[in-house]
Every structure is written in C-alpha cells, then in structure tokens.
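S.K.: This note's numbering applies: residue 1 is where the sequence shown begins, and numbers increase by one.
One or more of the hints may lead you astray.
Unchecked claim - Here are the computed distance ranges between Cβ atoms for each label pair:
(1) SER130 / THR212: 35 to 41 angstroms
(2) PRO372 / ILE276: 24 to 30 angstroms
(3) ILE123 / ILE320: 38 to 44 angstroms
As the list claims (entries may be wrong) - With a Cα cut of at most 27 angstroms, we get these calculated BS3-like pairs of lysine-lysine:
(4) LYS201 / LYS241
(5) LYS299 / LYS261
(6) LYS261 / LYS201
(7) LYS375 / LYS339
(8) LYS290 / LYS325
(9) LYS290 / LYS339
(10) LYS261 / LYS290
(11) LYS249 / LYS228
Bear in mind the hints are in silico, worked out from the structure with no lab data behind them. Being a predicted model, the structure only gives us computed values, none of them experimental. Ideal Cβ placement from N, Cα and C applies to all residues, glycine included.
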Amino acid sequence: MNEFKLDSLDLQLFATKSGSNAEDLMLGAGTIYFERFDRQGVPTGILHHCGNVDAFNLTTEVTSIAKNSSMNRARELMAEVTTQVAARIAMTFTEYDPANLSMGLYGEAGVETQEEKTVAGEIYTVSPDSVLRVPHYNISDVILTPLNATPAAISAAAMMTNNASDGTLTTGGAYTGTESADYYIRITAANTTAGDIAGCKFQWTKGSVAGTYSADIEVDGSAQVLEKGITVQFNAAAGQKFVSNEIYKFTATAASGAYVKGRDYHVYEVEARAGIVNILPTSTIPENTKVVASYHVAKGKFPKIMGAIAGRIEGRLLFIGDPNKGPCYNGEFWKVSMKPNGDLTGLIGTEFGSYPIQATCISDRQDHPDEPFYKLVKVM
1 MNEFKLDSLD
11 LQLFATKSGS
21 NAEDLMLGAG
31 TIYFERFDRQ
41 GVPTGILHHC
51 GNVDAFNLTT
61 EVTSIAKNSS
71 MNRARELMAE
81 VTTQVAARIA
91 MTFTEYDPAN
101 LSMGLYGEAG
111 VETQEEKTVA
121 GEIYTVSPDS
131 VLRVPHYNIS
141 DVILTPLNAT
151 PAAISAAAMM
161 TNNASDGTLT
171 TGGAYTGTES
181 ADYYIRITAA
191 NTTAGDIAGC
201 KFQWTKGSVA
211 GTYSADIEVD
221 GSAQVLEKGI
231 TVQFNAAAGQ
241 KFVSNEIYKF
251 TATAASGAYV
261 KGRDYHVYEV
271 EARAGIVNIL
281 PTSTIPENTK
291 VVASYHVAKG
301 KFPKIMGAIA
311 GRIEGRLLFI
321 GDPNKGPCYN
331 GEFWKVSMKP
341 NGDLTGLIGT
351 EFGSYPIQAT
361 CISDRQDHPD
371 EPFYKLVKVM
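Let's have the full structure, built from the sequences with the hints guiding it.
M.R.: As structure tokens, then:
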C-alpha cells in the first residue's frame, strides 16, 4: 500500500462542511488481530484473530511540566512543556482460546501430547472418602487392587455328616465373586448302583447350612457349575455310593484384588479428564493403605498455557472497524507491548467471563518515520 500525506486543501475534502454532523457520532464495533513476535522480537507473520473483544479504548497520555511566574501573586502560567507522550489501548477479551489466554496470563501457549497406552502396576496411597490422581488425561477402565493381592480360591469339600457316603466330591473352577462365602452340598438321592453315579441328585446353598437350597440337580459325573465359576464333580468308584442327606461344605474366597467400582471407588466422566479416581465413603479399602492402579490412557494433543513466564509480549496489533454508527476507521499499531491489566474471570461464575489486556505503543520510527506509533485510517 502506498503511503501518502494530505495537505490542508486535501483535509478540507473530509471535514464537516458546517455545524454538527450526526454521521460522525461513534457507536463502534470491530475486529482485533494480533501478530505476536517471537522471543527475539522478530515478526512471525502470523495474524491471530482475537475473537470477540468487548472493548477497545485508545488513550493518549500526555505528561508535561509547567512554569509559573513568581513575580506576582497571580503566578501566571509562563510556559508548559510536554515531556512524554504515550499511547495505550485498553481491551476487554472474552474468548478463552489458548493464544488469547497466553496474553491474558502473561505466558506462552504450547501443546501437551499423550500417547495411547494401558498402564498397570502403579502404586498409590489412598484413604476412604478421598481421591487419588494419576498423571494422565481422559483415563478409563480403572481397576484398583491391593498392593499384596491374593487370588480367588475354592477349598476342598469336607463332609459335615456321617451317613456312610464314600463317593468322591471334588470342587473346582475359578471363583469370580467379590465376597467370600461358605457353600453347602446336600445329597437328595443316592446313586442307584454302587460304583455307578447314575441316579444321584443334590441341592446346594450358601451362607448357612440352614439356608434355602436349590432345586434338585441330577449328577452327571462332569464338573457341574453352581454359580460364579464354581464347579462340583461327583465320582463313584467300584463299590462306592452317596447316601441321602449327606452334607458337604466348602468355602469360596474372593480375590483380595476385587475392589468394586461403585462401592470402593468411582471414576466420574468429568473428573476422568484430569485423571481423578474418587474413593467413596462406602469403600472397603483400609485407611492409608497402598493400592495398585491399572487404567487406559487415550491418545490426544492438548493445548496448554504456561502462565506468567513470558517476560515480555510484543507484536503488531490490527483493528478493523465496523461501527454501528459513525466513521469506519482501521488502526495499525506497528509495535505494542501487551500485558494483562486485571483479573481473568469466568473460570467459575454465573456470568460470561472476560479479562482486560493493555497494549502500550512502542515507537517504530525506523520503519515508520512519519507515524512511529500507529495510524488510524478512515476507510470510505
């Protein structure tokens, strides 16, 4: 774009012909762009759209000293000299993208990368009604186990009565229950012929020998499933038999690693973003004990702001006016120093958040000798 100067005759073309002109009243709106220089102060050529900016107020600060006469009581003003001129812009930002926030927090923007993986064996100390935090974002499939976990077990069956049964009852399977329990087997029909299991029937219950038993189950000589992975198998060798009302007992012990999601801990959708696992008030995890955490980590790239480390933020500011009422001005501010000028609100609140940023114009006389701070151009 070619630069040009206006002489007094040119200016008359743009001046108000006479009196007041309502078209020159201002109710402004516009767009802000900012090109942030790198750490060495070199332009990057990247213009960032600052989004919705609620206020853009340009202030010219003039500092002067005055000399008054001391020869009479009136002390008339003899001279006034300007010692400093500064141009500052007060803006109110309302959009919270990382590039904007890095200015509002006097920091720098970056990216945090997280690779997808499954984590196992991390040890944490927790207590009931508290939380533990793992060092990842967007976690899922969390499993907590004791530090010294023991596997589930099913004991051998022991005869509680003495009705002369001499067949063999074998327990097996892999117990999947989360609570330990005693199980009872009651023979309800003897095998028809000694040495042949055919005809034998049984029932089962858990918790108490006096509990409610299942319906009759016919013995087939295989490993028959009761529940939760438990199996029982009846065998009758030559001459062996099972006698009605014989009762056997065995114990299924839950794995000590079976902390239960929803009872002992929970992972809420929102808090999973920060790697938080809540230990619930109903938890059976002993207080101040160590647990082993396993979980899944999602792949992702997360923009971040490293606050209060900038040291300086300099760049080029561009204002593009689009007023509701009044003349349309575009402003180019060659070099400004940006800094926050108040609180960043809205991270928690009931109103839309905002944060004030102040830009101070720095002289760029080398590249713009006639307009070293900025220019406002009235676009017709």
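S.K.: Do the Cβ positions of ILE123 and ILE320 conform to the proposed distance bound of 38 to 44 angstroms?
M.R.: violated, 57 angstroms
S.K.: Compare the distance between the alpha carbons of LYS299 and LYS261 with 27 angstroms, and conclude whether the hinted pair is satisfied.
M.R.: Roughly 24 angstroms separates the two Cα atoms, so the pair holds.
S.K.: Decide if the proposed pair is consistent with the structure: LYS261 and LYS201, CA atoms, cutoff 27 angstroms inclusive.
M.R.: Measuring from Cα to Cα gives roughly 38 angstroms; hence the hint is violated.
S.K.: Take the C-alpha atoms of LYS290 and LYS339, compute the straight-line distance between them, and say whether it is at most 27 angstroms.
M.R.: violated, 46 angstroms
S.K.: Does LYS375 pair with LYS339 here, judged by a C-alpha cut-off of 27 angstroms?
M.R.: holds, 21 angstroms
S.K.: Next pair to validate is LYS261 with LYS290; report whether the Cα-Cα distance is within 27 angstroms.
M.R.: Answer holds: LYS261 to LYS290 is near 17 angstroms, not above 27 angstroms.
S.K.: CB of PRO372 to CB of ILE276, is that within 24 to 30 angstroms?
M.R.: The hinted range 24 to 30 angstroms is violated for PRO372 and ILE276, with Cβ atoms some 53 angstroms apart.
S.K.: For the range 35 to 41 angstroms, tell me whether the beta carbons of SER130 and THR212 fit it or not.
M.R.: holds, 40 angstroms
S.K.: So if I understand the rule, the pair passes when the alpha-carbon distance is 27 angstroms or less; does LYS201 with LYS241 pass?
M.R.: holds, 12 angstroms
S.K.: Holds or violated: LYS290 with LYS325, Cα cutoff 27 angstroms?
M.R.: Not satisfied, since the Cα-Cα distance of roughly 67 angstroms exceeds 27 angstroms.
S.K.: Between LYS249 and LYS228, does the CA-CA distance stay at or below 27 angstroms?
M.R.: Within the cut-off at roughly 17 angstroms; holds.
In summary, the numbered hints that this structure violates are 2, 3, 6, 8 and 9.
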